[in-house]
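Assemble the whole structure, with the sequences as input and the hints as a guide.
Residue numbers (the working numbering), protein chains in the order written: chain A, 1 to 306; chain B, 1 to 372; chain C, 1 to 343.
Just to be clear, a hint being listed does not mean it is correct.
Pairs of lysine to any residue, SDA-like flavour, derived with a Cα cap of 25 Å [to be verified]:
| id | chain 1 | residue 1 | chain 2 | residue 2 |
| --- | --- | --- | --- | --- |
| 1 | B | K34 | A | P37 |
| 2 | B | K34 | A | L159 |
| 3 | B | K338 | B | A256 |
| 4 | B | K34 | A | P131 |
| 5 | B | K34 | C | L157 |
| 6 | B | K34 | A | E193 |
| 7 | B | K34 | A | D142 |
| 8 | B | K34 | C | S285 |
| 9 | B | K34 | A | R192 |
| 10 | B | K34 | C | S69 |
| 11 | B | K34 | A | A190 |
| 12 | B | K34 | A | V274 |
| 13 | B | K34 | A | R132 |
| 14 | B | K34 | C | V108 |
| 15 | B | K34 | A | V140 |
| 16 | B | K34 | A | A72 |
Since the hints were derived computationally from the structure, they do not count as laboratory data.
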Amino acid sequence: MGATVVAESAGELTPPRSRTPLGGPAVRVGRELRGHPRTRVALALLAGLVVATVGAPLLAPHDPNAVLDAVALKSLPPSLAHPFGTDPYSRDVLSRVLFGGRVTLGVALLAAAVTMGVGTAYGAAAALAGPRTDAALMRVVDAMLSLPRVLLLFALVALWGQVTVPLLVLFLGLTSWFGVSRLVRAEVRALREREFVVAARALGGGTVAVFFRHLLPNIAAPLLVAGTLAVRNVILLEAGLSFLGVGVPHPLASWGSVIRDGADQVAVHWWITVFPGLAIVLTVLALDALGDGLREALDPRQLPRP
Amino acid sequence: MTAAAATPAGAAAAGVAAEPLLSVRGLTKHFPIKRGLFGRAAGAVKAVDGVSFDVAAGETLGVVGESGCGKTTTGRCVLRLIEPTSGEVRFRGTDVRALDAGALRRLRREMQIIFQDPFSSLNPRMTVGAIVREGLTVHRLAEGAAADARVRQLLDEVGLRPEYASRYPHEFSGGQRQRVGIARALAVEPRFIVCDEPVSALDVSVQAQVINLLQDLQRDRGLTYLFIAHDLSVIEHIATRVAVMYLGKVVELATAERLYAEPLMPYTQALLSAVPVPDPTATKRRIVLSGDVPSPANPPSGCVFHPRCHHPQKDAACARIVPPLEEKAPGHWVACIKQPPTAAEWGAQQAAGGTRPPQRYLPLAAPAARTE
Amino acid sequence: MTAPLLTIDSLRTYFHTGAGLARSVDGVSLAVHAGETLGVVGESGCGKSVTALSVLRLIRPPGRIEAGSRVLFEGRDLLALGDEEIRQIRGNRIAMIFQEPMTALNPVFTVGEQIAEVVRVHAGASRKAAWARAVEMLALVGIPAPEQRAGEYPHQLSGGMRQRVMIAMALVMNPALVIADEPTTALDVTIQAQILELLADLQRRLGTAVLLITHDLGVIAEVARRVVVMYGGEVVEEAPVGELFARAHHPYTEGLLAAMPRLGAGRDRLATIPGTVPPATAWPSGCRFRERCPYAWERCEREHPPLYDIGAGHTSRCHLAVEPERRAQRHLPLVAQVAGGRA
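Put into structure tokens, the structure is as follows:
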């Protein structure tokens with residue numbers, strides 16, 4: 001061709017092309033979430049619930065366990081004095097629902113944390129270990145997954161006798177991590193072969209450092225989604241257990257136990273079951289919506305390809 | 001199973017004067033194939049099957065071949081990112097395979113790697129600056145402000161604006177991301193870099209920028225490259241010596257000039273003649289190989305290339321004997337048990353309706369006497 | 001000169017994304033004549049693939065073919081046809097070959113079934129007749145033991161074989177035009193040689209016209225009769241193949257040719273085109289290449305160059321066509337000046 005072209009001396013001198021708005025992953029996710037109306041509603045709802053339950057001592061008109069007037073105030077329908085009515089033990093249902101929310105949500109969050117922590121550690125260990133160790137670890141998980149979880153939980157708490165709240169958290173957390181470990185193992189195995197992980201090893205990084213610096217941030221997305229699901233599941237589980245009488249110790253209020261108090265007379269004294277029930281439904285729906293929103297915001301957009 | 005480890009013991013003959021920086025002998029990597037309920041081994045993918053070569057300090061050894069030939073696996077085995085099944089890898093005299101974890105980590109400072117895919121070789125969750133800084137952190141070469149300064153300097157050296165250190169990989173183009181990968185490798189100040197198809201995923205104009213950059217860096221820092229690629233034009237441009245691989249074996253090894261002027265191995269001839277030439281007036285006769293590349297799980301017996309070979313003297317011996325890498329001409333090693341054919345022999349084959357390489361690949365003179 | 005088989009006239013395909021309006025194809029006109037091979041060459045982001053997809057109306061929202069575009073094929077405007085009519089054209093009169101055969105073939109059907117389906121849909125043939133034709137096509141594209149191979153699944157075949165299957169699917173209805181979008185980019189060079197030979201052979205025998213899209217100038221030189229160079233969503237140069245390689249006019253084409261390492265060309269520093277392709281959401285004003293061009297002057301910023309005719313069937317979108325003396329005034333392109341460059 002013979003064209004004499006001046007040899008290039010400089011490298012990339014134009015600013016990088018931004019096909020998506022600038023900012024780190026967290027900022028972008030935040031923006032995505034705020035964009036979708038369904039997620040905004042869910043977040044608002046959850047925020048409201050958290051504020052209400054955390055502020056229970058200030059917002060609740062009565063002590064949740066106070067028997068206000070054993071005769072005159074027994075099982076009264078909602079009124080101005082008692083917006084959610086009273087239960088068969090003459091306690092203010094609104095207060096019980098507010099304080100109960102602290103218990104339910106607190107138990108759910110803590111148990112979910114246990115689930116995610118144990119599940120992640122176990123799954124990562126399996127994924128990064130040798131094939132035999134991996135196989136052994138996962139067979140244990142398979143075995144545990146084949147047991148019906150609710151029955152297992154029920155048996156555990158029933159046999160234990162009187163369960164305290166911390167123990168309940170532990171039981172709930174330690175029976176729910178199996179699915180998470182499978183998820184984490186699958187994700188880590190897939191990531192392990194990605195070139196940037198190989199690059200990290202080539203730089204001299206050890207397994208633990210590589211895990212925390214490279215693997216964990218990149219599985220954060222599915223973990224977050226799994227986390228919202230975990231919280232949601234524990235809420236339902238706890239409600240179920242308390243409803244059956246083996247959850248939170250009597251007379252502690254949780255949404256499940258309040259429902260139980262009103263279970264005998266559902267048709268007549270509907271307010272005792274409906275209000276906590278509504279709280280559970282709203283929370284679960286909001287968490288589901290948040291999980292969906294997170295899944296959409298985090299997954300395909302995460303690596304936009306020019 | 002493995003070819004008799006051809007010892008280019010004539011390292012001197014291959015143009016390597018002093019002790020080579022990297023020395024590979026009989027490198028083998030077999031990936032077992034598991035079948036059945038209990039994962040019984042049912043054969044192996046012989047990705048790399050007895051590869052030997054030397055790399056002298058300051059030179060660029062090109063490794064070229066098509067998909068499945070084992071070049072990428074070879075590069076990773078040399079760095080022990082994949083554990084070889086057998087063979088010896090010596091870096092500055094040290095046996096790489098015998099090192100423990102700590103010593104291996106220290107060695108990793110000196111031997112680095114650049115990857116092919118600019119989109120998957122950078123952690124999408126880390127800023128570009130953090131990516132480049134990682135090597136400094138792992139080897140405790142610099143901290144805090146000193147590390148930041150070093151990162152900015154490296155980015156500048158590869159032609160990126162230092163201010164971009166706080167941006168994320170997805171905000172850059174393919175060529176820019178590749179530069180980040182180069183900066184990351186340079187951060188630990190290696191002597192030797194395995195370039196694993198660094199420009200294959202880039203557009204032509206960007207390719208040229210990155211190739212120039214790699215050559216500049218080599219000159220300025222005295223680097224040694226093992227340059228893996230499938231693009232023959234790129235290899236010819238950048239490599240001092242070239243090894244051609246096919247199905248896990250090195251089939252030809254020579255200086256770049258010799259290889260491109262006079263390839264002696266039939267596969268290399270076919271490979272070179274297959275490259276489309278950007279000149280519409282050039283005569284288009286080429287060797288078209290029949291059939292597909294066999295699977296590395298089930299390579300042909302004897303010479304792995306024999307089913308597709310067009311050598312006039314191909315016979316049953318080719319299917320039986322695994323050819324060792326022999327020096328057929330000074331500094332020019334070929335894995336073929338037959339002599340390179342003369343022009344007359346090619347002509348006779350063509351007259352009989354067979355193949356003949358394009359004129360430019362025919363031997364210039366009678367082939368050199370085979371070394372006993 | 002007979003009327004062209006396919007005429008693309010002022011095609012504009014825009015993507016209405018959240019990040020802005022991406023003018024991926026911004027006024028492209030070209031023509032393919034019966035039996036010829038037209039090469040379309042350009043790098044990523046130039047709009048060549050989107051052009052190909054637009055011809056067959058395979059563009060999905062947020063992409064849209066804008067009003068004012070016309071694609072004339074055998075006398076009809078493809079963009080004005082109804083859905084049923086365009087479906088009758090796809091695979092039948094105009095066929096497409098994609099770059100990555102593994103993702104373009106359905107993994108759950110055998111290759112024979114996939115070819116036969118084309119026959120059944122367009123010619124209404126019976127299962128047996130369609131299958132027989134599928135086997136016939138596999139033999140035509142040089143697959144050994146075609147009856148047996150027809151019953152295999154895509155993952156059982158090698159890359160080269162899969163590409164042959166794609167070619168068989170494209171040619172089974174004997175279309176007048178085949179659009180090949182980077183058909184050999186994903187293949188090894190020796191397999192690429194086989195496929196190019198096959199395409200050339202089939203084209204000779206069946207008289208098919210080919211619109212070949214690629215970034216590889218070597219493939220273009222081998223196969224194309226005329227060449228169109230795209231940059232920035234536009235055609236920037238068009239010429240017969242010999243003319244293009246011997247006398248490239250547009251600075252981008254010059255740059256591409258100079259940046260390619262070639263066999264036997266020595267080891268000097270490669271000439272590069274500084275900077276990167278601008279995003280389709282923000283084409284520069286005036287000439288889209290001017291920031292990277294070593295000849296640009298103030299006219300290039302002011303005035304968007306039209307396609308000038310420079311004779312011998314050669315057009316070029318560059319003001320150098322009317323002010324050729326500027327070619328003597330080479331300078332550092334704008335992108336290199338702004339940042340100072342590294343010594």
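To see whether the hints hold, each was checked on the structure:
1. B:K34 / A:P37: 50 Å, violated
2. B:K34 / A:L159: Between K34 of chain B and L159 of chain A the Cα gap is close to 45 Å, so the pair fails against 25 Å, i.e. violated.
3. B:K338 / B:A256: 22 Å, holds
4. B:K34 / A:P131: 12 Å, holds
5. B:K34 / C:L157: Holds: K34 of chain B and L157 of chain C sit about 21 Å apart, inside 25 Å.
6. B:K34 / A:E193: 19 Å, holds
7. B:K34 / A:D142: 22 Å, holds
8. B:K34 / C:S285: Violated. K34 of chain B to S285 of chain C sits at ~60 Å, over the 25 Å cutoff.
9. B:K34 / A:R192: 20 Å, holds
10. B:K34 / C:S69: This hinted pair is violated, its Cα atoms lying about 56 Å apart.
11. B:K34 / A:A190: With a Cα-Cα distance of about 19 Å, the restraint between K34 of chain B and A190 of chain A holds, given a limit of 25 Å.
12. B:K34 / A:V274: Since the Cα atoms of K34 of chain B and V274 of chain A sit roughly 57 Å apart, the hinted pair is violated (cutoff 25 Å).
13. B:K34 / A:R132: Holds, because 14 Å separates the two Cα atoms, which is no more than 25 Å.
14. B:K34 / C:V108: Distance ~24 Å between K34 of chain B and V108 of chain C Cα, so the pair holds.
15. B:K34 / A:V140: 22 Å, holds
16. B:K34 / A:A72: Given pair K34 of chain B, A72 of chain A is violated - Cα atoms ~76 Å apart, limit 25 Å.
Hints 1, 2, 8, 10, 12 and 16, counting from the list given before, are not met by this structure.
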